[in-house]
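Colleague: Residue numbers (our numbering), protein chains in the order written: chain A, 1 to 258; chain B, 259 to 508.
Quick caveat, the hints were computed from the structure, so don't treat them as lab data. Any given hint might turn out to be false.
With a straight-line Cα cutoff of 27 Å, these simulated DSS-like cross-link-like pairs (lysine-lysine) come out [said to hold, decoys possible]:
hint : chain 1 : residue 1 : chain 2 : residue 2
1    : A       : Lys-223   : B       : Lys-376
2    : B       : Lys-489   : A       : Lys-223
3    : A       : Lys-234   : A       : Lys-174
4    : A       : Lys-74    : A       : Lys-223
5    : A       : Lys-223   : B       : Lys-415
6    : B       : Lys-268   : A       : Lys-223
Here are the computed distance ranges between Cβ atoms for each label pair [what the hints assert, rightly or not]:
hint : chain 1 : residue 1 : chain 2 : residue 2 : range
7    : B       : Asp-444   : A       : Met-173   : 26 to 32 Å
8    : A       : Ile-202   : B       : Ala-272   : 22 to 28 Å
9    : B       : Gly-498   : A       : Arg-177   : 34 to 40 Å
10   : B       : Asn-299   : A       : Phe-85    : 50 to 56 Å
11   : B       : Glu-380   : A       : Leu-151   : 41 to 47 Å
Where is the CB? At the ideal position from N, CA and C, for every residue including glycine.
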Amino acid sequence: MGTTQQHDIAGKLLIARHSVVHHLPAEVKLVAMLSFVFLVVLTPLGQWWAFGVYGLLIIAVIAAAKLPPVRVVKRMVIEVPFVIFAILMPFFSAGPYVEYFGLQLSEAGLIAGFGLLCKGTIGVLSSVTLAATTPMRDLLSGLTRLKVPTLLVEIAGFMVRYVDVIVDEMRRMKIARQSRGYFERGIRSWPVIARSAGALFIRAYERGERVHLAMLSRGYNGKLPSYSLAIATKAQWATGMLLPMGAAIILVLAWRMA
Amino acid sequence: MSDAVLEMHKVAYAYPDGHQALFGVDLHVHRGEKIALLGPNGAGKTTLVLHVNGILFPGAGSVRIAGMDVNKENLKAIRAKVGVVFQDPDDQLFMPTVRDDVAFGPSNMGIVGDELAKTVAEALAAVGMSEFADRSPQHLSFGQRRRVAIATVLAMKPEILVLDEPSSNLDPAARREIAEILESLDITMLMVTHDLPYALELCDRSVILSAGAIVADRATYDLLTDDALIKQHRLELPFGFRLDPSLAKK
């Protein structure tokens with residue numbers, strides 16, 4: 001009952017298009033995005049033009065991937081807590097202070113906050129782009145080919161597979177609560193939610209056991225068969241590395257000028 | 259005796275917490291037979307199933323599959339010979355695509371390449387799910403997922419197929435489709451169920467497991483028409499059902 005209409009959280013991240021970016025192998029994209037973000041983080045604060053160019057680079061990638069801008073912006077909501085933190089920094093950091101619009105703001109805090117905002121935004125844009133252009137399954141096999149320990153990749157794979165099942169279970173428990181006249185309202189509903197979370201944890205744990213049993217029954221011996229996909233060519237690596245190469249040039253210039 | 263696929267001899271089992279689930283079970287399943295294992299909730303049916311493929315080992319007594327003892331040394335061979343389809347397909351299907359999931363069992367047995375592809379294709383064809391090979395299991399309906407779960411086990415070409423409640427949670431059409439698939443398979447089968455009409459439709463012989471022991475072992479029709487017996491073990495035909503005597507010969 002109810003299990004037939006499942007959500008597809010992992011699948012919803014992908015925005016299917018035919019583009020250079022989509023067709024690059026996952027491991028190339030992973031390396032490109034990670035090294036790009038790493039280079040951005042290394043950039044000295046104060047060289048604001050560099051962050052502008054990084055932003056243009058990633059926007060170029062998004063354009064090349066033909067991703068709809070509105071959906072990309074919507075997904076950036078995940079950055080909100082960092083934005084709030086960045087905005088608070090000028091108010092709580094130590095002096096020297098500067099005055100803007102009658103507010104006393106810490107200069108160091110302003111620089112740090114704005115730096116965090118720039119780096120965070122570029123980082124989030126990169127991961128949103130990666131997630132929107134790469135099917136989850138390819139990401140996992142990409143990780144395997146990058147020699148990430150198989151155990152970690154398998155755990156990630158199970159998470160992707162079962163997150164929908166568990167969200168669905170959570171939804172059914174919620175409906176069952178509501179059917180018995182329960183309304184989630186304020187702090188008083190927290191104990192109930194906490195108990196439901198506990199029950200959900202136990203259920204997920206038990207499901208884990210059953211999945212393991214079912215795997216053992218099919219002769220599982222501690223090794224999952226690898227997901228089969230073609231290996232990235234040199235040309236694909238070259239295409240993928242355009243982004244971090246561009247960022248590397250900007251980084252060198254930024255350090256020269258700092 | 260040589261054609262017995264499953265031989266359980268005086269199998270007793272107690273869980274580590276002391277709860278004893280099986281009290282000396284004797285059960286023989288011969289090649290080609292389709293047998294229903296009936297019994298009320300808590301009778302020990304699941305415990306019995308977990309003995310068949312060596313997830314659990316008997317505290318006393320023995321289990322043999324196609325003449326081979328179920329023990330820790332033979333585990334790999336046993337798991338290849340016994341195919342268990344669990345009740346909840348979500349417990350069974352965990353790979354990103356249907357194809358990968360059906361390939362999981364055979365590749366654990368060392369099958370690779372073209373032979374693997376062929377095995378997977380055959381198993382999916384047997385359950386009528388060939389065109390769903392590249393779909394993700396979570397995008398399928400419950401009935402389709404159960405069919406794929408059966409395929410994942412058929413792909414291992416087991417000597418005996420063990421099904422836990424194959425008709426549960428299905429709508430009538432899906433229930434019938436699964437029945438047709440199971441009927442079409444030329445394989446020894448042990449089917450755990452509460453669904454008595456289903457047992458009658460698919461299995462010539464049935465056994466009742468009650469309170470950890472086999473209390474009846476007969477032709478399904480004879481067993482289901484023994485009102486006193488089935489009532490005593492908390493089994494009953496659905497409301498309004500009376501078996502047609504013409505089914506007796508089946």
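Colleague: Now, for every hint given, state plainly whether the structure supports it.
Modeller: Each hint, compared with the structure:
1. Lys-223/A / Lys-376/B: holds, 22 Å
2. Lys-489/B / Lys-223/A: Outside the cut-off at roughly 47 Å; violated.
3. Lys-234/A / Lys-174/A: Roughly 51 Å between the alpha carbons, so the hint for Lys-234/A and Lys-174/A is violated.
4. Lys-74/A / Lys-223/A: Cα-Cα ~39 Å, so violated.
5. Lys-223/A / Lys-415/B: holds, 21 Å
6. Lys-268/B / Lys-223/A: violated, 35 Å
7. Asp-444/B / Met-173/A: 26 to 32 Å: violated, 43 Å
8. Ile-202/A / Ala-272/B: 22 to 28 Å: holds, 24 Å
9. Gly-498/B / Arg-177/A: 34 to 40 Å: holds, 36 Å
10. Asn-299/B / Phe-85/A: 50 to 56 Å: holds, 54 Å
11. Glu-380/B / Leu-151/A: 41 to 47 Å: violated, 32 Å
Of the numbered hints stated above, those contradicted by the structure are hints 2, 3, 4, 6, 7, 11, listed in ascending order.
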